[in-house]
Amino acid sequence: MRFSLKPQDDAFYAFFNDAADNIRRGVAILAELGDESADYQKISERLVDVEHDNDQLTHRLFNKINSTFVTPMDRTDMYHLAGKLDDILDHMEAAANLVYLYGLSELPTLPREMIEQVTVLVSQAELLAEYMPKLKGLNATMKEFWVECNRLENDGDRAYRMLLVRLYSGEYPALTVMKLKEVADELESACDSFESVSNVVESVYVKES
Amino acid sequence: MRFSLKPQDDAFYAFFNDAADNIRRGVAILAELGDESADYQKISERLVDVEHDNDQLTHRLFNKINSTFVTPMDRTDMYHLAGKLDDILDHMEAAANLVYLYGLSELPTLPREMIEQVTVLVSQAELLAEYMPKLKGLNATMKEFWVECNRLENDGDRAYRMLLVRLYSGEYPALTVMKLKEVADELESACDSFESVSNVVESVYVKES
Amino acid sequence: MRFSLKPQDDAFYAFFNDAADNIRRGVAILAELGDESADYQKISERLVDVEHDNDQLTHRLFNKINSTFVTPMDRTDMYHLAGKLDDILDHMEAAANLVYLYGLSELPTLPREMIEQVTVLVSQAELLAEYMPKLKGLNATMKEFWVECNRLENDGDRAYRMLLVRLYSGEYPALTVMKLKEVADELESACDSFESVSNVVESVYVKES
Numbered sequence: 001m002r003f004s005l006k007p008q009d010d011a012f013y014a015f016f017n018d019a020a021d022n023i024r025r026g027v028a029i030l031a032e033l034g035d036e037s038a039d040y041q042k043i044s045e046r047l048v049d050v051e052h053d054n055d056q057l058t059h060r061l062f063n064k065i066n067s068t069f070v071t072p073m074d075r076t077d078m079y080h081l082a083g084k085l086d087d088i089l090d091h092m093e094a095a096a097n098l099v100y101l102y103g104l105s106e107l108p109t110l111p112r113e114m115i116e117q118v119t120v121l122v123s124q125a126e127l128l129a130e131y132m133p134k135l136k137g138l139n140a141t142m143k144e145f146w147v148e149c150n151r152l153e154n155d156g157d158r159a160y161r162m163l164l165v166r167l168y169s170g171e172y173p174a175l176t177v178m179k180l181k182e183v184a185d186e187l188e189s190a191c192d193s194f195e196s197v198s199n200v201v202e203s204v205y206v207k208e209s
Numbered sequence: 001m002r003f004s005l006k007p008q009d010d011a012f013y014a015f016f017n018d019a020a021d022n023i024r025r026g027v028a029i030l031a032e033l034g035d036e037s038a039d040y041q042k043i044s045e046r047l048v049d050v051e052h053d054n055d056q057l058t059h060r061l062f063n064k065i066n067s068t069f070v071t072p073m074d075r076t077d078m079y080h081l082a083g084k085l086d087d088i089l090d091h092m093e094a095a096a097n098l099v100y101l102y103g104l105s106e107l108p109t110l111p112r113e114m115i116e117q118v119t120v121l122v123s124q125a126e127l128l129a130e131y132m133p134k135l136k137g138l139n140a141t142m143k144e145f146w147v148e149c150n151r152l153e154n155d156g157d158r159a160y161r162m163l164l165v166r167l168y169s170g171e172y173p174a175l176t177v178m179k180l181k182e183v184a185d186e187l188e189s190a191c192d193s194f195e196s197v198s199n200v201v202e203s204v205y206v207k208e209s
Numbered sequence: 001m002r003f004s005l006k007p008q009d010d011a012f013y014a015f016f017n018d019a020a021d022n023i024r025r026g027v028a029i030l031a032e033l034g035d036e037s038a039d040y041q042k043i044s045e046r047l048v049d050v051e052h053d054n055d056q057l058t059h060r061l062f063n064k065i066n067s068t069f070v071t072p073m074d075r076t077d078m079y080h081l082a083g084k085l086d087d088i089l090d091h092m093e094a095a096a097n098l099v100y101l102y103g104l105s106e107l108p109t110l111p112r113e114m115i116e117q118v119t120v121l122v123s124q125a126e127l128l129a130e131y132m133p134k135l136k137g138l139n140a141t142m143k144e145f146w147v148e149c150n151r152l153e154n155d156g157d158r159a160y161r162m163l164l165v166r167l168y169s170g171e172y173p174a175l176t177v178m179k180l181k182e183v184a185d186e187l188e189s190a191c192d193s194f195e196s197v198s199n200v201v202e203s204v205y206v207k208e209s
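Residue numbers (my numbering), protein chains in the order written: chain A, 1 to 209; chain B, 1 to 209; chain C, 1 to 209.
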């Protein structure tokens, strides 16, 4: 009889892949904010559903960590990683919710630079979905993950800063600027959370290697 | 002769109970912001005193951690826990100070949703005071602590978001909106700090169990 | 033949000293924001260069941590410390960049309280440059480092709060207030990052002692 820890380990890695899938589903909905005649309320509600799915996933992972004796990674690292993945969806959901709550449909469209922020999030989500399955075994190509994450986060920072310059240019009334700024901040936090995921992965890699 | 580590351990747990008591004293003062004809300056000054008391408590704890060979919890966890408890009072003190500094007595009352934020903080403080004494021994009922913490943090988020919707509705002039937003952010940070306390407790529990 | 780990160790400590030097160079450039007829664009560009230098330094350190078997401090602590030192320059660079990007040269001068924030950063950078060389050996005088860091962070908080009171006084138009607030927030974050450096140093000290 062979004894194997593999199936158990695979279950842990499957959680991270599932979270990456949820994020990809979420960002696809978020990207609809840029569509002409987008229904902000529907977008917000659908994102709440995805975020809720991921909350349940995260809770199942936490319970599994609690009830498993030997885990494939350090428990604290798995907590951190799941938490940061969850943060990404929280911030995306918050951004879409604020667009709806603040009645930003009063604007003909959202500013182009805000849509660029979302485009960066789409790229980050694709990168994540590509590399999460490679987490197991921590192979050398993971290095490309955090290098590319860092590059995308810089793109996101640039889009955010350009958006702020536009918001403060006098084109919009002060209260509208404040509302858009809130949304932009949530998108920027989502972008930073991807970077945090990459940092946790990098630190796991450093410890293991 | 019996050798016991207990008295020493009790001293550590007593610190966390004392911090929870300080927070309960602090939030009771903060709640006076909702009173008709509240004296914002006095409220702010009294909260500075409570925050100062807790700073001293935290420093005594840090010194005790430094000078004790065997501690009942991981040193780093105790640092984190004390730090997060201290953050709660820092944010409550900052909120009250800004209400006074920004001259918000110019308004007839603070917005109802802001008082709701404070009401959530009151509930969080009561929950904390109930569960800190159960920290020792890490018994199973602690799970209810973080489940309930999470629920209250969601209540706080909702009150915060509803307040923002009102602030951006056009009811107040732009500068007043900015002032109220600053105060709301501090209250929201206090609410999040309770959640952070709960996260530290949960991670301690996971490691020990 | 004598075997020594010293030269290796010195290389690690040299990184932290070099980062402290970069921060001192950066803050000297930042302080020029207070000069009459300061060229905000040039200040921003020169700060980008310093920040870039420090990014490269941080990457060299990370590679060294990865490729070294025995490190003088816990790997995670060295990561944290280098990350927080890097944050200081990031926030200073961001502040100067926003002053330029938002066209704040439209104002005759930046508010006095904002220059006070920078003055605190200058003191923090000097303190850091004095104490980083003493990191090796973790001698008892390091305690003065975090006590003094804490004092300076309180000074920074006070300058920040006084600036906000002025910004919300009605002296500036709403959009100008928002721009100045963004800059003030970056300066405040730089100030907080010094405090974070001090917290990492303190936690290392606690673990080792």
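Just so you know, these hints were derived from the structure itself, not from any lab. Each hint should be verified, as a subset may be incorrect.
What the hints assert, rightly or not - Listed below are the simulated BS3-like cross-link pairs for lysine-lysine, each with C-alpha atoms no more than 30 Å apart in a straight line:
(1) 84/C x 134/A
(2) 64/A x 136/B
(3) 143/C x 42/C
Claimed, not checked - With the C-beta cut set under 7 Å, the calculated list includes, among others, these residues of chain C facing chain A:
(4) 64
(5) 66
(6) 104
(7) 108
(8) 131
These numbers were taken from a predicted model, which means no experiment stands behind them. All residues carry an ideal CB built from backbone N, CA and C; glycine is no exception.
Checked hints:
| no. | hint | in the structure |
| --- | --- | --- |
| 1 | 84/C x 134/A | holds (29 Å) |
| 2 | 64/A x 136/B | holds (24 Å) |
| 3 | 143/C x 42/C | violated (38 Å) |
| 4 | 64 | violated (11 Å) |
| 5 | 66 | holds (6 Å) |
| 6 | 104 | violated (10 Å) |
| 7 | 108 | violated (19 Å) |
| 8 | 131 | violated (26 Å) |
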